[in-house]
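Trainee: Spelled out, the chains give:
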Amino acid sequence: MTNPDGSVVRLEGIHKWFGDNHVLRGIDFSLDPGDVQVVVGPSGGGKSTLLRCVNLLELPSQGEVWFNGQDITDVRTDLNGVRTKIGIVFQAFNLFPHKTALQNVMLPLLKVLNIDPREADVLAREQLARVKVGEKADAYPGALSGGQQQRVAIARALAMKPELMLFDEVTSALDPELVGDVLQVMKDLAAEGMTMMVVTHEMGFAREVGSSMVFMDGGVIVEQGDPRKMFANPESDRLKQFFSQIL
Amino acid sequence: MALVLSGICVIQFAYNIWGGPISQACLDRGIIPLTPNPNGPSHGSEGALGVCHIVEGLTSVVQRATLVLALALGALVVVVGFASYRRMRTRRQRDHVITGAVFGLQAINFGVLLLIFASGTPEKAVSQYLNIHALQGYGPVILRGMKLTLELAVGSELLGIAIGLPLALLVISQRRAVRAPARFYINLFRGTPLLVQLSFGYYGINLGLGMHNSTFTIAMIVLGLNAGAYLSEVFRAGIQSIERGQMEAARSVGMTYLQAMRYAIVPQAVRRVIPPLLNEYVILIKDTSLVVIIGELLGHFELFAAGQQGYSDTYSATFFVAIAIGYLIITLPMIGVVNLVERRLRSGLVTISTQGGG
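Residue numbers (this note's numbering), protein chains in the order written: chain A, 1 to 247; chain B, 1 to 358.
No lab work stands behind these hints, which were simulated from the structure alone. We treat Cβ as the ideally placed atom computed from N, Cα and C, and that holds for glycine. Some hints could be false.
So, partial list: chain B residues that the calculated Cβ filter (under 10 angstroms) puts toward chain A [said to hold, decoys possible]:
{"id": "1", "residue": "T256"}
{"id": "2", "residue": "Y263"}
{"id": "3", "residue": "R271"}
Examples of chain B residues lying across from chain A (beta carbon under 8 angstroms, computed) [stated by the list, open to error]:
{"id": "4", "residue": "L188"}
{"id": "5", "residue": "G191"}
{"id": "6", "residue": "G245"}
{"id": "7", "residue": "Q246"}
{"id": "8", "residue": "E248"}
{"id": "9", "residue": "R251"}
{"id": "10", "residue": "S252"}
{"id": "11", "residue": "G254"}
{"id": "12", "residue": "M255"}
{"id": "13", "residue": "Q259"}
{"id": "14", "residue": "A264"}
{"id": "15", "residue": "T331"}
{"id": "16", "residue": "P333"}
The task is simple: from the sequences and hints, build the whole structure.
Mentor: Now the structure itself:
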């Protein structure tokens with residue numbers, strides 16, 4: 001597959017309507033390998049919708065999504081194949097409640113990648129250990145804390161060996177004291193060079209870990225750049241106002 | 001202390017009142033066989049003695065006296081109970097007093113009903129409904145009827161599940177072309193009487209087209225097709241009750257729609273619909289009685305047909321009482337299981353996952 005600009009993911013002119021509601025109004029950006037793009041902005045600004053457009057959980061009404069040089073908005077694309085290379089972690093965890101932590105991680109390995117059960121077991125345990133919930137392998141999601149559930153969800157996504165990880169407000173549903181563990185896992189992941197796109201309200205994480213930052217409001221990218229510079233010197237009035245409200 | 005005692009006393013009274021008429025009647029029944037009463041139903045029909053005993057018990061002076069006493073005590077308890085419950089010191093005592101008063105009320109109701117019944121012509125009713133002797137010799141027929149009813153219900157329930165689950169998957173399809181035929185099937189079977197479906201299946205298709213299936217086979221197929229329509233609606237509701245995030249999580253790791261359904265959605269949905277599923281099963285058990293219109297099954301009767309046969313032989317409605325009890329023996333445990341499963345599911349074995357926004 002030709003990939004002229006070497007980007008992992010590139011969005012071109014993305015628009016999204018929900019009925020009459022124009023949620024995304026022309027988004028363009030691209031991520032290079034190893035980028036950690038944080039997306040911040042007020043609620044209802046289209047951040048989550050944008051993230052979900054990247055793996056086509058939401059179909060863009062207009063525009064193209066390119067993944068590794070392939071236009072995945074083309075209907076002829078093997079979307080299921082592409083999705084195995086894009087991991088996503090949700091705000092609500094979305095673990096399968098009828099399966100144990102280990103089974104949650106193993107299921108896609110067995111059914112999508114058709115890996116032999118013994119090998120899948122080893123791989124799944126490796127991933128659970130990587131996010132530090134190895135000892136909870138046989139627990140059902142209902143018996144785990146929110147932070148543990150979210151780390152199992154991350155392990156489930158990582159087990160597929162994705163080339164891009166999407167995080168959709170993954171700490172928003174957690175008790176404050178559980179947020180740290182999940183953020184630590186994400187920091188480690190960034191340090192290992194994973195390409196990531198992170199929608200978050202954790203400004204500390206955005207400043208510290210983000211290699212680039214996007215500020216979204218009203219369905220458009222208002223400002224983007226280096227997060228440390230943006231925190232120090234916000235250019236637009238809208239971003240200044242946003243920081244003054246939350247910091 | 002006095003209050004505690006009075007609370008307990010009230011309950012004791014209430015229990016005595018409740019037990020009174022029943023134990024007295026039992027005693028009476030025990031005494032009478034020693035001096036058989038020829039003044040029972042005068043037709044000299046079968047089972048006169050048994051009927052006579054019951055009637056004797058009902059109309060005996062002792063019974064009446066007990067009932068009157070019970071009424072008086074019941075009224076007293078109700079008055080005392082409702083007058084004093086506000087003065088009870090603990091919630092527990094208060095509950096006891098109120099329970100006692102309620103028992104008193106029930107005793108009054110029951111007693112008055114029995115008195116009215118006994119003051120009329122109880123022998124008629126008893127000989128019609130409680131003529132145990134008329135049932136003699138029909139025991140095996142009724143038992144075999146119960147067995148056949150159960151077999152029919154289990155068979156058609158399984159067939160119904162086999163039809164209902166795939167049907168539910170078709171009905172929730174995004175494509176109208178897929179939905180439409182499934183909807184048509186469901187509406188057809190839910191919109192026409194089972195009696196018509198059974199008649200058409202047996203007379204119209206089996207006999208009409210010269211096929212030679214047994215009535216049992218036809219009954220099971222038609223009941224199964226019918227149950228499939230209802231069960232598909234149960235499954236559909238269950239599948240649609242699973243949070244959208246589950247499907248998204250499954251699709252996002254690269255599963256196809258069908259894989260997501262099979263490994264993530266349906267297993268959860270099936271667990272969630274077990275109570276309504278069992279409920280449909282109870283309904284199905286009762287619906288098997290309609291099979292009577294296509295006749296004997298493999299030369300035997302299902303439960304309702306067995307009762308009807310007994311009635312037309314003896315003209316005693318006791319058979320209908322007997323088969324009603326027969327149905328209850330099958331359905332009550334099922335209803336118990338439904339309640340148990342519901343309580344288990346509600347006590348937190350189900351998902352806590354919530355839908356995220358953004």
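Trainee: Each hint should be assessed against the structure and marked as holding or not.
Mentor: Going down the list of hints, with the structure as the test:
1. T256: 6 angstroms, holds
2. Y263: 6 angstroms, holds
3. R271: Because about 7 angstroms separates R271/B from the closest Cβ in chain A, which is inside the 10 angstroms limit, the hint holds.
4. L188: Since the shortest Cβ distance to chain A is 34 angstroms, the answer is violated.
5. G191: With Cβ-Cβ at 34 angstroms, over 8 angstroms, it is violated.
6. G245: Given a least distance of 4 angstroms, the restraint on G245/B holds.
7. Q246: With Cβ-Cβ at 6 angstroms, under 8 angstroms, it holds.
8. E248: 6 angstroms, holds
9. R251: Constraint on R251/B satisfied, holds at 7 angstroms.
10. S252: 5 angstroms, holds
11. G254: Since the shortest Cβ distance to chain A is 4 angstroms, the answer is holds.
12. M255: Holds: closest Cβ of chain A sits about 6 angstroms from M255/B, inside 8 angstroms.
13. Q259: 6 angstroms, holds
14. A264: Holds, about 5 angstroms.
15. T331: 30 angstroms, violated
16. P333: It is violated, given that the least Cβ distance between P333/B and chain A is near 27 angstroms, above 8 angstroms.
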